[in-house]
Every structure is written in structure tokens, then in C-alpha cells.
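Enquirer: Kindly produce the complete structure, drawing on both the sequences and the hints.
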Amino acid sequence: MNSALIIIFATILFSSLLGIYAGRRLKMNLENWTVGGRQFGAIIIWLLMAGEIYTTFTFLGASGWAYSKGAPTFYILIYGALAYTLSFFILPALWKVGKRHGLHTQPDFFINRYGSRSLGVLVALIGVFSIIPYLQLQLSGLGLIVEAASNRAVSSHLAIIISFLLTCTFVYTSGIKGAAWVAIVKDVMMVLAVGIVGIGVPLIYFGGFGKMFQALIKQYPHHLMLPGATVHMDVGWVMSTVLLTGLGFYMWPHVFGSAFSAKSAKIIKRNAVIMPFYQIPILLVFMVGFTALLVIPGLENGDMAFLELVSKTYPSWFMGFVGAAGAVTAMVPSAILVLFAATLLAKNVYQTGFRPQASEEKVMSLSRFMVLAVTTLALVFAIFLPNELVPLLIFGYDGVSQFFPGVVLGLFWKRVTKTGVFSGLLAGVAVVILLVLGGKDPFLGMNAGFVGLVVNSIITLGVSLMTKPQIRGLQG
Amino acid sequence: MRKGTIYALLLGAVPFITLVFALPLVNRIYPIILGLPFILFWILSWVILTPFILFLAYRVEKKFNPPQGGEEE
Numbered sequence: 001m002n003s004a005l006i007i008i009f010a011t012i013l014f015s016s017l018l019g020i021y022a023g024r025r026l027k028m029n030l031e032n033w034t035v036g037g038r039q040f041g042a043i044i045i046w047l048l049m050a051g052e053i054y055t056t057f058t059f060l061g062a063s064g065w066a067y068s069k070g071a072p073t074f075y076i077l078i079y080g081a082l083a084y085t086l087s088f089f090i091l092p093a094l095w096k097v098g099k100r101h102g103l104h105t106q107p108d109f110f111i112n113r114y115g116s117r118s119l120g121v122l123v124a125l126i127g128v129f130s131i132i133p134y135l136q137l138q139l140s141g142l143g144l145i146v147e148a149a150s151n152r153a154v155s156s157h158l159a160i161i162i163s164f165l166l167t168c169t170f171v172y173t174s175g176i177k178g179a180a181w182v183a184i185v186k187d188v189m190m191v192l193a194v195g196i197v198g199i200g201v202p203l204i205y206f207g208g209f210g211k212m213f214q215a216l217i218k219q220y221p222h223h224l225m226l227p228g229a230t231v232h233m234d235v236g237w238v239m240s241t242v243l244l245t246g247l248g249f250y251m252w253p254h255v256f257g258s259a260f261s262a263k264s265a266k267i268i269k270r271n272a273v274i275m276p277f278y279q280i281p282i283l284l285v286f287m288v289g290f291t292a293l294l295v296i297p298g299l300e301n302g303d304m305a306f307l308e309l310v311s312k313t314y315p316s317w318f319m320g321f322v323g324a325a326g327a328v329t330a331m332v333p334s335a336i337l338v339l340f341a342a343t344l345l346a347k348n349v350y351q352t353g354f355r356p357q358a359s360e361e362k363v364m365s366l367s368r369f370m371v372l373a374v375t376t377l378a379l380v381f382a383i384f385l386p387n388e389l390v391p392l393l394i395f396g397y398d399g400v401s402q403f404f405p406g407v408v409l410g411l412f413w414k415r416v417t418k419t420g421v422f423s424g425l426l427a428g429v430a431v432v433i434l435l436v437l438g439g440k441d442p443f444l445g446m447n448a449g450f451v452g453l454v455v456n457s458i459i460t461l462g463v464s465l466m467t468k469p470q471i472r473g474l475q476g
Numbered sequence: 477m478r479k480g481t482i483y484a485l486l487l488g489a490v491p492f493i494t495l496v497f498a499l500p501l502v503n504r505i506y507p508i509i510l511g512l513p514f515i516l517f518w519i520l521s522w523v524i525l526t527p528f529i530l531f532l533a534y535r536v537e538k539k540f541n542p543p544q545g546g547e548e549e
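Chains A and B are the protein sequences, given in the same order.
Per the working numbering, residue 1 is the first one in the first sequence, and the count goes up by one each step.
Per the working numbering, residue 477 is the first one in the second sequence, and the count goes up by one each step.
Everything labelled a hint here was simulated from the structure, so no lab data went into it.
Only a predicted model underlies this, so the values are computations on that prediction, with no experimental measurement involved.
We put the beta carbon where it would ideally sit given N, CA and C, even for glycine.
Be a bit skeptical, because a hint or two may be false.
Unchecked claim - Simulated crosslink set (DSSO-like; lysine-lysine; CA at most 27 angstroms straight-line):
#, chain 1, residue 1, chain 2, residue 2
1, A, Lys440, B, Lys539
2, B, Lys539, A, Lys263
3, A, Lys99, B, Lys538
4, A, Lys96, B, Lys479
5, B, Lys479, A, Lys266
Stated by the list, open to error - Take a look, some chain B residues computed to stay more than 10 angstroms from chain A by CB distance:
#, residue
6, Arg478
7, Lys479
8, Gly480
9, Tyr483
10, Pro507
11, Lys539
12, Phe540
13, Asn541
14, Pro542
Expert: Rendered as C-alpha cells:
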């Protein structure tokens with residue numbers, strides 16, 4: 001056993017035990033399991049939300065894009081700030097509605113607001129189809145990190161299986177509270193790892209990031225302005241992509257659902273104010289990717305730039321620390337994704353769609369069973385069909401963003417109707433599927449999901465105004 | 477809409493204007509400021525300013541929108 005391996009597995013094990021411990025005195029009903037009994041205070045909400053945003057994609061993808069694409073990677077720094085700004089206005093209102101009507105999930109909101117079970121099932125299915133590839137991406141990322149960090153001592157498959165069975169266990173026992181507690185470990189390790197490497201490598205190789213940028217501009221004069229090393233990712237692409245991902249971020253079923261777990265609307269609002277600070281470490285991740293381009297050019301897979309540069313620069317135990325941080329960084333978002341995919345299937349597909357009379361105990365135990373089913377499915381995909389889901393992944397963000405008009409108009413506009421939201425949602429998803437599968441993404445220089453969202457919004461507004469005002473469903 | 481909400485929304489528009497709609501104007505490397513290429517400096521500055529803008533929006537809402545009776549906080 002090498003030291004890196006010990007650090008990685010000790011961290012994974014410790015985090016999982018902490019996650020299990022988090023739920024020790026909770027009576028597990030749906031309210032406690034999915035929304036933590038609506039008892040989370042400022043700190044735990046911040047950790048939970050930050051836990052969802054910093055995924056393995058942020059870690060490997062942001063540095064990988066800086067390495068292979070250049071300036072288009074800046075979009076990752078921008079969209080978070082837009083998402084938090086929106087959440088300042090949207091989430092407190094959403095929280096109040098959730099509290100008043102005892103909502104647990106995103107489809108719950110649609111069912112309650114528009115009084116339509118079929119709309120709820122549709123929203124749940126789009127949500128699950130978007131979550132599964134996202135989950136698989138986390139699994140694959142984890143495998144990649146642990147395999148590289150342990151210097152191939154552990155195969156990526158073994159790493160994926162062990163850490164996901166453990167993740168599955170603490171989600172099963174503790175629900176969302178388990179994920180929130182593990183997020184503490186994750187955030188501390190992640191910020192340390194990114195801080196040390198992001199400040200360290202430009203300093204070690206160039207004597208500072210200013211000199212690193214000078215060298216980069218000299219060698220690759222266009223890398224640091226749009227479209228960087230790409231052809232399609234010009235200003236229009238970045239503008240439409242940050243709008244889509246900024247609007248779509250809180251529309252992910254798991255992010256949406258975790259807003260309900262706060263203790264009060266005020267906590268959610270204050271959290272939105274401080275969240276943008278959490279974007280700053282992304283700048284350091286960029287630095288690593290840019291330094292790697294100068295120090296180790298020609299990597300086949302840009303996503304490996306972060307790990308390759310760390311292994312070239314630092315001792316192997318530190319590589320183990322980065323590997324451990326990366327592994328927990330995959331586990332926390334995965335836990336929340338699994339939890340909400342399972343709840344959507346049990347509560348909003350099974351109960352809403354087929355058995356409205358099913359008891360809460362039944363839905364709860366089915367949710368827990370679904371944790372096992374969803375985890376197994378994602379494991380099978382990650383191990384046997386690692387590349388088949390990539391197109392679905394593109395669809396994921398584009399898909400969940402289509403909930404935006406239904407949610408925002410549902411909260412703030414009395415005149416929006418069930419028929420309007422239904423037609424807008426279907427049209428938006430259809431536009432996205434046609435453009436993505438037809439190879440037309442980007443379309444006229446704009447992100448396909450954004451085009452879908454524009455069509456969706458126009459149709460939702462138009463059809464709502466043409467249909468009879470709806471009395472049913474909640475007001476305000 | 478209440479006065480505080482309008483002011484808050486105006487403040488909330490600032491990140492969208494600076495970080496989305498101003499992008500075509502700032503897509504350049506020079507001048508380099510604090511060692512960062514201009515576009516990165518611009519984006520980073522507004523990302524760091526966003527929490528302060530939102531804090532201002534929070535205060536403005538509080539000042540101009542007195543809490544209504546029976547509202548859950």
C-alpha cells in the first residue's frame with residue numbers, strides 16, 4: 001500500500017461514517033429524509049449548496065477547458081454569479097410556498113401550482129433522465145481521479161464501486177443531512193487542494209501568475225480571448241451559455257429540492273448574498289489549467305491536466321490528498337443526485353402517476369429502495385457504457401432549464417395556466433432534442449438549450465394568455 | 477410591485493449587464509491589469525462585486541418594504 005492510497009481510502013471511509021452518523025437520531029420519514037425537516041441553518045445550507053456546485057466537473061473540467069479551449073472556460077466563473085443573483089429573488093418565494101404546502105420535490109411544486117398530476121410525472125421524468133448522466137459523469141470522474149492519484153494501484157472500477165456503495169449507504173440511512181455533513185469534509189479538502197495547487201504551480205514554474213500569463217500570451221496569443229482555441233465558442237456562445245446555465249442552475253431537481261431544507265426564507269436569501277464568494281476558487285482552477293498548457297503541452301485528454309501537473313510537481317502523498325479531495329467532491333453531489341432521483345421516482349412517478357392512495361411509509365421505503373436501483377444503474381452505465389451517455393449529458397442542462405418559465409411564472413404571475421406550461425415545456429424539450437441530435441448545437445452561434453428556452457417562454461406566455469385563467473392551484 | 481423590490485431588481489440587473497451583455501465590449505487581452513488579461517480581470521471583478529451588490533439589494537428591500545402582517549420570515 002502506498003501513502004496516497006491510504007489517504008484516499010481513509011478519507012472515503014471517514015466521510016461515509018460521518019454521513020451515517022449524521023442521521024443517527026432522526027426518525028426517517030420523507031420530510032426528514034428529503035428536506036432535513038426544514039431545519040437547516042445558515043452554515044449547513046451554505047455547505048450543502050456549495051457541495052452541489054463544486055463537482056468533479058469543476059475540478060477536472062474547468063482546468064481541462066482552460067488547458068484545451070482557453071477563454072471559453074471563463075463561462076464557468078460567470079454563470080454561478082448569475083445563478084446566485086437569480087436565486088436571491090426566486091428561492092425565498094419558493095421556500096415559502098414549499099413550507100406552506102409541505103412540498104418535498106420539484107414535481108410537487110408543479111402538481112400543487114398547476115393542479116395537474118400528468119405535468120408532475122412529466123417534470124419528474126425529465127428530471128430523472130437529466131440526473132442519470134450527470135451522476136454517471138461524477139462516477140467516471142471519481143474513477144479517473146482515484147486511479148491516477150493512487151498511481152494505478154487501484155483500478156477506476158474498483159474505486160467507483162467501493163465509494164458508491166458507501167455513498168449509497170449514508171444516503172439510505174441519513175438522507176440529505178448525511179450529504180450536508182460529508183460536504184464539510186469535502187469543502188475543507190477541496191479549498192485546500194485547489195488553493196495549494198492553484199497558487200503553487202504558477203509560482204513554482206513562473207514565479208507568479210502574472211509572469212505565467214505573460215508567457216502564455218507570448219506563446220498562444222489568442223488563447224486568453226474568445227473564442228480561444230475553439231471555433232464555435234465565441235462571444236455569442238458564451239453569452240447564451242451563461243444565460244442558460246445561470247437560469248437553469250436552480251432548476252436541477254436536486255438543487256431546487258435542497259432549497260426547501262432551509263429553516264427560513266431569510267436564511268435562503270442571506271445565503272444567496274454570500275454564495276458568489278464561493279466562485280473565487282474557480283479562478284485558481286483556471287490557473288492550474290493554463291500553467292499545465294505551458295509546462296506539459298500536448299496531453300490527449302485535457303481533463304487530465306490538473307492531475308498530471310500535480311503528479312509532476314508534488315510528492316505522492318500530496319497526490320493522495322488531491323485524489324481524496326476529488327473523491328469526496330464526487331461523492332457529495334452524487335449523494336444528493338441519487339437521493340432526489342430516488343424520491344422523484346418513488347413519489348412523483350409511482351405515487352403521483354399510478355398510486356395516489358399509496359401511504360407515506362410506502363413511498364418512503366420505495367424511495368430508499370430506489371437509492372439502490374439508481375446507484376446500480378449509474379454503476380452499470382459507468383462501467384459498461386462509459387461513453388454512451390455523453391449526448392444525454394448535453395441534454396441534461398438543456399432539459400432542466402426548460403422548467404424555468406413554469407417555476408418563475410408559477411411563483412410570480414397569476415395568469416399562467418397548466419396548458420401554457422405543458423405546451424411550453426414540450427416545445428422547449430422538442431427544440432433541444434431536434435437541435436442536439438441534428439448536430440445543430442450551437443444554433444446560429446447560440447447554445448441549443450437557450451434557443452429551446454426562448455421558444456418555451458414565448459409559447460408558455462402565449463398559450464397561457466389564450467387559455468382560460470386557472471383558479472385551481474395555489475395563489476402567490 | 478413594492479418600491480424596495482423594484483430597487484432590488486434594478487441592482488440584480490447589474491451582474492447580468494456586466495457579465496453577459498457587456499462581454500462583446502471586453503473581449504480583449506490588453507490592458508493587462510494586476511497581471512490578468514483584461515477579459516478575465518473584468519469578469520473576476522464583477523463576480524467579486526456581485527455579493528456586495530446583493531447585500532445592497534438585501535438592505536434596500538428591508539428598508540423600503542416593511543414586513544407585512546402574517547408573513548413568514
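Enquirer: Against this structure, judge whether each hint is valid.
Expert: So, going through the hints one by one against the coordinates:
Pair hint Lys440 (chain A) plus Lys539 (chain B) does not hold up; C-alpha atoms about 49 angstroms apart against a cutoff of 27 angstroms. Taking the CA atoms of Lys539 (chain B) and Lys263 (chain A), the gap is near 23 angstroms; set against the 27 angstroms cutoff, the hint holds. Simply put, Lys99 (chain A) and Lys538 (chain B) have alpha-carbon atoms about 22 angstroms apart, close enough for the 27 angstroms limit, and the pair holds. Between the alpha carbons of Lys96 (chain A) and Lys479 (chain B) the distance comes to roughly 21 angstroms, so the proposed pair stays at or under 27 angstroms and holds.
For the suggested pair Lys479 (chain B) and Lys266 (chain A), the alpha carbons sit about 19 angstroms apart, so the restraint of at most 27 angstroms is met. For Arg478 (chain B), the shortest C-beta to C-beta distance to chain A comes to about 13 angstroms, beyond the 10 angstroms cut-off, and the non-interface label holds. With a cut of 10 angstroms on Cβ distances, Lys479 (chain B) stays outside the contact zone with chain A, its closest approach being about 15 angstroms. Every Cβ of chain A is farther than 10 angstroms from the Cβ of Gly480 (chain B); the closest lies at roughly 12 angstroms, confirming the non-interface assignment.
Consistency note on Tyr483 (chain B): stated as away from chain A, and its beta-carbon is indeed over 10 angstroms from all of that chain's, at 12 angstroms minimum. With a cut of 10 angstroms on Cβ distances, Pro507 (chain B) stays outside the contact zone with chain A, its closest approach being about 12 angstroms. Non-interface call for Lys539 (chain B) relative to chain A: holds, since the shortest CB-CB distance, roughly 15 angstroms, exceeds 10 angstroms. With a minimum CB-CB distance of about 15 angstroms to chain A, Phe540 (chain B) clears the 10 angstroms threshold, and the non-interface call stands.
Under the 10 angstroms C-beta cut-off, the non-interface status given to Asn541 (chain B) relative to chain A holds; the minimum distance is some 12 angstroms. At the 10 angstroms boundary, the C-beta of Pro542 (chain B) stays outside the reach of chain A, the nearest C-beta of that chain being 15 angstroms off.
Consistency note: the structure conflicts with earlier hint 1 alone.
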